[in-house]
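Peer 1: Here are the chains, one letter per residue:
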Amino acid sequence: MIKKFDRNKVVLAVAAPLLAIVAAIAITSVIIAATGKDPFHAYQVMVDFGSKSDSQVWIINKATPYYLSALAVAIGFRMNLFNIGVDGQYRIAAFFAAVVGGALTLPGIVQIPVIIIVAMAVGAVWAGIAGLLKTTRGVNEVISTIMLNAIGASVIGYFLQDGRLAKKEGNLIHTPYLPDSAHFFEIPTTPKPVYGFVVIAAVAGLAYWFLLGRTRFGFDLRTVGRSESAAQASGVSVKRMVVTSMVLSGAVAGLVGMPTLLGVSYNYGTDFPTGIGFTGIAIALLGRNHPVGMALGALLWGFLERTGTQLEFEGYAQEIVGVIQGVIVLCVVIAYEIVRRYGLKTQQRKVGEELAARARKSDKAEAAA
Amino acid sequence: MELAGITKRFPGVVANHDIHLTVRRGTVHALCGENGAGKSTLMKILYGMQKPDEGTITLDGEQVSLHSPADAIARGIGMVHQHFMLADNLTVLENVVLGAEKLHGIGARARARIKEISDAYGLGVRPDVLVEDLGVADRQRVEILKVLYRGARTLILDEPTAVLVPQEVSALFDNLRELKSEGLTVIFISHKLGEVLSVADDITVIRRGTTVGTAVPSETTPKQLAELMVGEELPSPETRESTVTDTPMLTVEGLHLSATDSDGVVRTVLDGIEFTIHKGEVLGLAGVEGNGQAELVEAIMGMRDPDAGTVTLDGAEITHAPTRKRREGGIGYIPEDRHRHGLLLEAPLWENRILGHVTEKPNSKGFFLDNKAARADTERIVRDFDVRTPGIEVTAASLSGGNQQKLIVGREMSHHPKLLIAAHPTRGVDVGAQAQIWDQIREARREGLAVLLISADLDELIGLSDTLRVMFRGRLVADADPATITPEELGSAMTGAATGHLEHEEHEESEGGESK
Numbered sequence: 001m002i003k004k005f006d007r008n009k010v011v012l013a014v015a016a017p018l019l020a021i022v023a024a025i026a027i028t029s030v031i032i033a034a035t036g037k038d039p040f041h042a043y044q045v046m047v048d049f050g051s052k053s054d055s056q057v058w059i060i061n062k063a064t065p066y067y068l069s070a071l072a073v074a075i076g077f078r079m080n081l082f083n084i085g086v087d088g089q090y091r092i093a094a095f096f097a098a099v100v101g102g103a104l105t106l107p108g109i110v111q112i113p114v115i116i117i118v119a120m121a122v123g124a125v126w127a128g129i130a131g132l133l134k135t136t137r138g139v140n141e142v143i144s145t146i147m148l149n150a151i152g153a154s155v156i157g158y159f160l161q162d163g164r165l166a167k168k169e170g171n172l173i174h175t176p177y178l179p180d181s182a183h184f185f186e187i188p189t190t191p192k193p194v195y196g197f198v199v200i201a202a203v204a205g206l207a208y209w210f211l212l213g214r215t216r217f218g219f220d221l222r223t224v225g226r227s228e229s230a231a232q233a234s235g236v237s238v239k240r241m242v243v244t245s246m247v248l249s250g251a252v253a254g255l256v257g258m259p260t261l262l263g264v265s266y267n268y269g270t271d272f273p274t275g276i277g278f279t280g281i282a283i284a285l286l287g288r289n290h291p292v293g294m295a296l297g298a299l300l301w302g303f304l305e306r307t308g309t310q311l312e313f314e315g316y317a318q319e320i321v322g323v324i325q326g327v328i329v330l331c332v333v334i335a336y337e338i339v340r341r342y343g344l345k346t347q348q349r350k351v352g353e354e355l356a357a358r359a360r361k362s363d364k365a366e367a368a369a
Numbered sequence: 370m371e372l373a374g375i376t377k378r379f380p381g382v383v384a385n386h387d388i389h390l391t392v393r394r395g396t397v398h399a400l401c402g403e404n405g406a407g408k409s410t411l412m413k414i415l416y417g418m419q420k421p422d423e424g425t426i427t428l429d430g431e432q433v434s435l436h437s438p439a440d441a442i443a444r445g446i447g448m449v450h451q452h453f454m455l456a457d458n459l460t461v462l463e464n465v466v467l468g469a470e471k472l473h474g475i476g477a478r479a480r481a482r483i484k485e486i487s488d489a490y491g492l493g494v495r496p497d498v499l500v501e502d503l504g505v506a507d508r509q510r511v512e513i514l515k516v517l518y519r520g521a522r523t524l525i526l527d528e529p530t531a532v533l534v535p536q537e538v539s540a541l542f543d544n545l546r547e548l549k550s551e552g553l554t555v556i557f558i559s560h561k562l563g564e565v566l567s568v569a570d571d572i573t574v575i576r577r578g579t580t581v582g583t584a585v586p587s588e589t590t591p592k593q594l595a596e597l598m599v600g601e602e603l604p605s606p607e608t609r610e611s612t613v614t615d616t617p618m619l620t621v622e623g624l625h626l627s628a629t630d631s632d633g634v635v636r637t638v639l640d641g642i643e644f645t646i647h648k649g650e651v652l653g654l655a656g657v658e659g660n661g662q663a664e665l666v667e668a669i670m671g672m673r674d675p676d677a678g679t680v681t682l683d684g685a686e687i688t689h690a691p692t693r694k695r696r697e698g699g700i701g702y703i704p705e706d707r708h709r710h711g712l713l714l715e716a717p718l719w720e721n722r723i724l725g726h727v728t729e730k731p732n733s734k735g736f737f738l739d740n741k742a743a744r745a746d747t748e749r750i751v752r753d754f755d756v757r758t759p760g761i762e763v764t765a766a767s768l769s770g771g772n773q774q775k776l777i778v779g780r781e782m783s784h785h786p787k788l789l790i791a792a793h794p795t796r797g798v799d800v801g802a803q804a805q806i807w808d809q810i811r812e813a814r815r816e817g818l819a820v821l822l823i824s825a826d827l828d829e830l831i832g833l834s835d836t837l838r839v840m841f842r843g844r845l846v847a848d849a850d851p852a853t854i855t856p857e858e859l860g861s862a863m864t865g866a867a868t869g870h871l872e873h874e875e876h877e878e879s880e881g882g883e884s885k
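Chains as they are written, first to last, in this note's numbering: chain C, 1 to 369; chain D, 370 to 885.
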């Protein structure tokens, strides 16, 4: 009996993303065809180019910050908080981490953790502000985190000037370079190395799974997400949980900039990547807040971005990848909702039928006796 | 009106199957059956809110198909819901014409029509009063008037007496007789036998989703009707021997709580609440809903912080302790609204078993969850408390109300509480589950459990309690001995008409049940 319901669950879990991807491919094909191009050739190009080994390295390196960002967003999602501010959180975190890292020269074993901890702490504080505003003043976290994004950008803009916390180099302004000891290890692959930070991302994913699924704290957090009233009646302090989870989300957001800072740029400059926080929202939706699902989502995103550049050479419109990404997210959200409702309904019906059958059987037994 | 072979498959709850119902014009027809027997579903079908999967509805010899409440209204069928659908901040007149502006406008003509209907049926409705200033019984009359105003000739009343005290019930019945004498048809849904027998001309009984028989009140005794409804011997909530001890378990002193309502006005919701529940004692709290019972429960559970007074559990002061501390300290909680406060509807049963007791064994070891032990213990609860489910991986939403409630009772009892707060523990629960829940409470009480029982079912309250208190407008205004009090006497205290120690007229008894 239990096995049967489990199997249904698995089938439903696979059905949703499958449905979404099929629908997304169908819709994108129509759109590409509408631009007068052959959609199947486009897919051919994408698969060919995406499976090259330098593409694979590129995709993994791109997916690492995406995954961390998705984790940060997912922590909020699991308790019905919409942390739109991951973008601001990781940028301000990376900026101050770069400043601190650039000012210190310590052995790597100390220097790197210091930088990471500074980043997590700054991200946590920045997100915690939104949490406190929500619990003390009732400010919706969507509004406050959007505003904090803008404030964060302004704060960085103010300090990122020659003579303040940054210096000028050619056209770029950036914080001082981190010392060599602060360079994170790389996994030597050909033709280019994979950032070592992918290991940290995997550990973070594992920690996310364990914390939410296997600890009391995680249960409380999920309870609040499912029903705030039931959580309160069950003894969870909802307000404290809001602040805690925002802080946690912000701390993970602090990690988002680290692969870039410790593995590529070694400074925070005007060319530091932006917008990863928003990508994280899309990937968290795509991966349904599941640690493995989000990893696949992040890789898919990297794949699309990588192969999108190649499509341009083949004469396809460069916006096509953006369209595909948007269509996928929409399809996923819709497909999950459809499958969720369908699953709930079938289960209710099945439980009803099964109990009715059991009741009839016992009635017959009584009649026979 | 005639219904034949109505079948409705409906997820999770008892479906209607093969329903036959014939209602004669100009009569009061009672539809009775236990909670969860399928009465409300049938009425929703009649009112066009749900479509039957099979069967036919015939009105005055013409077969009809009702697609929406608008269809039903057009055919002269009106419904008064159990939960009133009135806008508090509008006047009676405005509420009545709302959505029916086309009929008689919104001005003098509408007022005249309302006055006319009100006088014709003796409803005594005043058109210009704000609905928020009306009591429950008056609101119900406004609902009835609303339906009549729209031209209904057949009225469906869904459990109309559930929210009324006995005196108001008899006033309602006078109104119903008035309607009947004017040639209107009333379909009256109830599970209270006495009421059904006193007002109905015909009775149809529903059990397990199907019609099992009809009865004529003059030839039927309550006992026969009860057996028809239940299909077996009727369980009684009666508590026989007293198990009350002298050891206080919960002591509440001078509790005062104010709350800000939706208009931003600070009101006192609890004032000077004082009571003690001893080990092995069931204290029953009577009162019309909305007189502070829910707030009192939330103050004891730590979900609201009182302004003054103390709450002491088993010698430890817990007035301002967080909810989790209180639960760990031995308070079990059966909430009034199980969907909002007692369950995670979309989570599997075993996660619901953890809810509220995540820090306790077998659900966790230190900081970590013990999912395996929690699952195993859920299996045990399902078995011991007879939760009808195909397994523990199904979501709580897929169980029927009675089985959800059995799961909650099982969960709370599994942690051997010192104090159990049971708010309407058998509301919306079928009769089998009801008897089991009563048994559980009685058994735990024998082992020294203290129980705070809140219920709208006065028979349940009188039957289970050792001591009775009456709550009115945030105060405990009266106390009574459950051994001698009648529901009518309790009812008059619930409206605020009687205070102090309630004496049964023929009896002289000293202070409450505590002296037993």
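Where hints are given, some of them may not hold.
Unchecked claim - Straight-line distance between alpha carbons at most 20 Å, and here's what the computed EDC-like set of lysine to aspartate or glutamate pairs gives:
no. : chain 1 : residue 1 : chain 2 : residue 2
1   : D       : K413      : D       : E547
2   : D       : K648      : D       : E697
3   : C       : K350      : D       : E715
4   : C       : K345      : D       : D422
5   : C       : K239      : D       : D674
6   : D       : K561      : D       : E551
7   : D       : K549      : D       : D429
8   : D       : K471      : D       : D422
9   : D       : K648      : D       : D674
10  : D       : K694      : C       : E228
11  : C       : K350      : D       : D422
12  : D       : K787      : D       : E547
13  : D       : K484      : D       : E547
14  : D       : K648      : D       : E658
15  : D       : K413      : D       : E371
16  : C       : K350      : D       : D615
17  : C       : K345      : D       : E463
18  : D       : K549      : D       : E371
19  : D       : K694      : D       : D683
20  : C       : K52       : C       : E228
21  : D       : K730      : D       : E715
Stated by the list, open to error - To be clear about the criterion: a stretch of chain D counts as covered by chain C if any three or more of its residues have a C-beta under 8 Å from a C-beta of chain C, and this derived list gives those stretches:
no. : segment
22  : 515–521
23  : 538–548
24  : 654–665
25  : 728–739
Note that these hints are calculated values from the structure, not bench results. Note that CB positions come from ideal geometry on N, CA and C, so glycine has one too.
Peer 1: With reference to the structure, classify each hint as holding or not holding.
Peer 2: Against the structure, the hints come out as follows:
no.	hint	result
1	D:K413 x D:E547	violated (25 Å)
2	D:K648 x D:E697	holds (18 Å)
3	C:K350 x D:E715	holds (16 Å)
4	C:K345 x D:D422	holds (17 Å)
5	C:K239 x D:D674	holds (15 Å)
6	D:K561 x D:E551	violated (26 Å)
7	D:K549 x D:D429	holds (17 Å)
8	D:K471 x D:D422	violated (34 Å)
9	D:K648 x D:D674	violated (25 Å)
10	D:K694 x C:E228	holds (18 Å)
11	C:K350 x D:D422	holds (17 Å)
12	D:K787 x D:E547	violated (51 Å)
13	D:K484 x D:E547	holds (16 Å)
14	D:K648 x D:E658	violated (27 Å)
15	D:K413 x D:E371	holds (15 Å)
16	C:K350 x D:D615	violated (50 Å)
17	C:K345 x D:E463	violated (39 Å)
18	D:K549 x D:E371	holds (18 Å)
19	D:K694 x D:D683	holds (13 Å)
20	C:K52 x C:E228	violated (48 Å)
21	D:K730 x D:E715	violated (23 Å)
22	515–521	violated (count 0)
23	538–548	violated (count 0)
24	654–665	violated (count 0)
25	728–739	holds (count 5)
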